[in-house]
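Colleague: Listed below are the residues making up each chain.
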Amino acid sequence: MTETTKKTGVSRRTLLKSTAGLAGLAAGSGAITGFPYVMSAEPKVLRYLGTAVNEGDDISKQCLKDTGIKIEYITATTDDVTKRVMTQPNSFDVLDTEYFSLKKIVPSGNILALDSRKIKEFDNITPVFTKGQTPGGKKIGGQGTAPWKVLYLEGKDSKKFATSATEFVTLIPTVYNADTLGVRPDLIKRPISSWAELLNPEFKGKASILNIPSIGIMDAAMVVEASGKYKYADKGNMTKEEIDLTMKVMIEAKKAGQFRAFWKDFNESVNLMASGETVIQSMWSPAVTKVRSMGIACTFQPLKEGYRSWASGFCVSKGVSGAKLEWAYEFVNWFLAGYAGAYLNRQGYYSAVLSTAKAHMEPYEWAYWMEGKAAEKDIKAPDGSLLEKAGAVRDGGSYEDRMGGVACWNAVMDENDYMVRKWNEFIAA
Amino acid sequence: MDTSEDILQQASPDLVRGSGTARAAKAARLSPSFVSWLQAGPMMLVFLAFFLIPLVFVVIVSFWDYNEYQLLPAFSGRGYTDTFEGCIAQLPDLCTIAKTYLKTLKLCFLVWAITLFIGFWVAYFLAFHVKSRTWQMGLSLLCTIPFWTSNVIRMIAWIPLLGRNGLVNSGLVKTGAINQPLEWLLFSEFSVVLALVHLFTFFMVVPIFNSMVRIDKSLIEAAYDAGAAGFQTLVNVIIPLAKPGIVIGSIFVITIVMGDFITIGVMGGQQIAAAGKIIETRVNALQFPAAAANAVILLVITFLIITMMSRIVDIKKEL
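The listed protein sequences correspond, in order, to chains A and B.
Quick note: the first sequence uses numbering that gives the first Met the number 0, first residue 0, plus one each step.
Quick note: the second sequence uses numbering that gives the first Met the number 0, first residue 0, plus one each step.
You may find that some hints are simply not true.
Claimed, not checked - Heads up, simulated DSSO-like pairs for lysine-lysine below, C-alpha to C-alpha not over 30 Å straight-line: (1) LYS230(A) / LYS253(A); (2) LYS43(A) / LYS69(A); (3) LYS98(B) / LYS82(A); (4) LYS69(A) / LYS317(A); (5) LYS376(A) / LYS357(A); (6) LYS102(A) / LYS137(A); (7) LYS102(A) / LYS239(A); (8) LYS247(A) / LYS98(B); (9) LYS317(A) / LYS230(A); (10) LYS102(A) / LYS388(A); (11) LYS254(A) / LYS98(B); (12) LYS130(B) / LYS253(A); (13) LYS253(A) / LYS105(B); (14) LYS69(A) / LYS130(A); (15) LYS315(B) / LYS254(A); (16) LYS303(A) / LYS228(A); (17) LYS173(B) / LYS188(A); (18) LYS239(A) / LYS254(A); (19) LYS105(B) / LYS203(A); (20) LYS159(A) / LYS203(A); (21) LYS105(B) / LYS247(A); (22) LYS263(A) / LYS203(A); (23) LYS98(B) / LYS239(A); (24) LYS357(A) / LYS130(A); (25) LYS203(A) / LYS98(B); (26) LYS357(A) / LYS69(A); (27) LYS323(A) / LYS60(A); (28) LYS105(B) / LYS263(A); (29) LYS98(B) / LYS263(A); (30) LYS188(A) / LYS254(A); (31) LYS303(A) / LYS372(A); (32) LYS60(A) / LYS43(A); (33) LYS130(A) / LYS203(A); (34) LYS155(A) / LYS82(A); (35) LYS303(A) / LYS130(A); (36) LYS173(B) / LYS228(A); (37) LYS317(A) / LYS155(A); (38) LYS102(A) / LYS263(A); (39) LYS203(A) / LYS242(B).
Source of the hints: derived by calculation from the structure; they are not laboratory data.
Excised from the complex, chain A in its bound form (with noise of 0.2 Å):
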């Protein structure tokens, strides 16, 4: 009884000196030094910087068991993740962010990049991320600002990126998807099969696009190939002349009041297709599995001209050095073994290394999401509520079909600053 009441008194002790000691490490002291009981007893944490892709309570909770370490969450949209790096770099420890991002924050120098070497997994990652194929062989659509364009660099603190394999990556691959029009197949009652619908004055008042002008102007390009009217180089890089083709086509089309919102985050797109403001908009697939859960027909649409894909992995501030860069390869590591991997496949993301995945899903879970078979038992989300029936197939097929469809990738052009000032005019439109 004694002991018991001991041992409480130590921990609650231990949690109030860790809590101190996270002041400490928050106030960017790093270790501290002077308190051997302190220093004894110092957690393991890492200060993750992400969007929400990848964050859940449930991979936290998993990796604290699993390793000892504590994520602590710093959730922030695409945009604001990037700006945190250029602009407060101390204030964090590992970084999940898409590639595309990396056009900017390698020039910065203010990331780490790390080593594969010490990435046990590192050479099970699936080859679209190392060689620009799926795992048959298909070749994948390079434009934009493809992972494999970034995935390395020329040495440890360079600012070039690689054309060819080197041990230093920029961003160790996590998840990735690809993206296409979600729909309402009740409302629109008829087949959709082109990127030109998105436009189709049919659906006016009806539709939407993503309100990230870098991406949505590259969704507003796929209508424009989508439609025969001009033909890219490089969706994901374009010029000037070509830039100012694309807005036209958006300031015609939004003049015409074709669009009825823009949505920036998860929860918008998902409110404006289930509500039914739009019938056919750009979406993500667990978006659409959202819509869907809530009984209302949405279809994650697969389009002849392939999808729009984006990935994302992790690196860790420069400020990152000695232990805390060990735990963060520690971290690292643990997320491609394999429960998280499975957690996001679950989702209707995909995960880099689908090897471990798979070993953490059940052989009807990887069927449904991975195989493109109909699901032999009911899907549940990785919370446990239901997704789909018996019998229910993913859209868009298998894993083959989804990732070997890939048109373009998000990306960071070289006109950026002048697509910026497009983009306002066409808001002013």
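Following the hints, put chain B in place on chain A, whose structure we already have.
Modeller: Coordinates of chain B only, in the frame set by chain A:
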């Protein structure tokens, strides 16, 4: 005694001087202007640290150059020239910045006019029709209830109400008043103005009410005795005396609406241009000097509006 003296001293050091207590004697030894500076000091310091210095930085940065990932501290007018791009070349078509400001000013004017109208009559009711102090207090507190939730929630609450399949539309369709749902109820200028009026009318009510309760009731009686009709009393007595409140309320509303981008964004479906939105887009693209330049332009325009308004009423004198 001590505290009331402190208050007195804050209100006017001259009043306290010579009142005989040791404290006042001490204050009297210091020169009055020094005491005034001392009293204004803390506020001045806060102002300096959190307003003036950051503002100076914004102005400096607005003249810097930039690339995709950093600020280049070299003089450049690029933030400004880019902003006014096409303003002469595109004539007679309006350039982006002119269109944006016209839209912002239009929204600002509508919101100002409506909040003023509603705010004035709410304040009028509270000040002249509610006789008991307790009720006046109680009812003004009632006006603050919406402020107990965040303004994002108050704004988003409109969406299910005004949507295509929202309560208003389905109600109207059911009663047979319309056949098709009204599209302009949501993600339109209408919904933006509605949400802004809802959010900011209170900022109009408080200062106007404050001015009105300080109107000497005998003035109104005198007007009545002199044979003025109700309307004449309103125009010739109440409105002139409530002017400071009207101007202060207007300054609140105009400065907030000029810089708003969240409400305009959410309620306008991100499709309506606003001065604040240009800044947001620029900041998100990490183009800080361009964002700063736009912020300076917004500040100058807002400042001009405020100056014009304080020309109409000398607030310092009226207070």
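Colleague: Are LYS159(A) and LYS203(A) close enough, with their CA atoms no more than 30 Å apart?
Modeller: Answer violated: LYS159(A) to LYS203(A) is near 45 Å, above 30 Å.
Colleague: For a C-alpha distance cap of 30 Å, please report whether LYS60(A) and LYS43(A) respect it.
Modeller: holds, 13 Å
Colleague: Is the hinted pair LYS357(A) and LYS69(A) satisfied, with a Cα-Cα distance of at most 30 Å?
Modeller: Satisfied, since the Cα-Cα distance of roughly 25 Å is no more than 30 Å.
Colleague: Mind checking the alpha carbons of LYS102(A) and LYS388(A) for me, to see if they're no more than 30 Å apart?
Modeller: Distance of about 42 Å is beyond 30 Å: violated.
Colleague: Holds or violated: LYS247(A) and LYS98(B), Cα atoms, limit 30 Å.
Modeller: holds, 17 Å
Colleague: Measure nothing beyond the straight line between the CA atoms of LYS102(A) and LYS239(A); if it is 30 Å or shorter, mark the hint as holding.
Modeller: Holds, at roughly 19 Å.
Colleague: Within a Cα-Cα threshold of 30 Å, do LYS43(A) and LYS69(A) meet the stated pairing?
Modeller: holds, 6 Å
Colleague: Given the proposed pairing of LYS317(A) with LYS230(A), does the C-alpha separation stay at or below 30 Å?
Modeller: Violated: LYS317(A) and LYS230(A) sit about 41 Å apart, past 30 Å.
Colleague: Quickly compare the C-alpha distance for LYS69(A) and LYS317(A) to 30 Å and report which way the hint goes.
Modeller: Cα-Cα ~20 Å, so holds.
Colleague: For the pair we were handed, LYS173(B) and LYS188(A), check the Cα-Cα distance against 30 Å.
Modeller: Answer holds: LYS173(B) to LYS188(A) is near 24 Å, not above 30 Å.
Colleague: So if I understand the rule, the pair passes when the alpha-carbon distance is 30 Å or less; does LYS253(A) with LYS105(B) pass?
Modeller: Judged against 30 Å, a Cα distance of about 20 Å means the pair holds.
Colleague: Given the proposed pairing of LYS105(B) with LYS263(A), does the C-alpha separation stay at or below 30 Å?
Modeller: This hinted pair holds, its Cα atoms lying about 26 Å apart.
Against the hints set out earlier in the document, violations occur for numbers 9, 10, 12, 14, 15, 20, 33, 36, 39.
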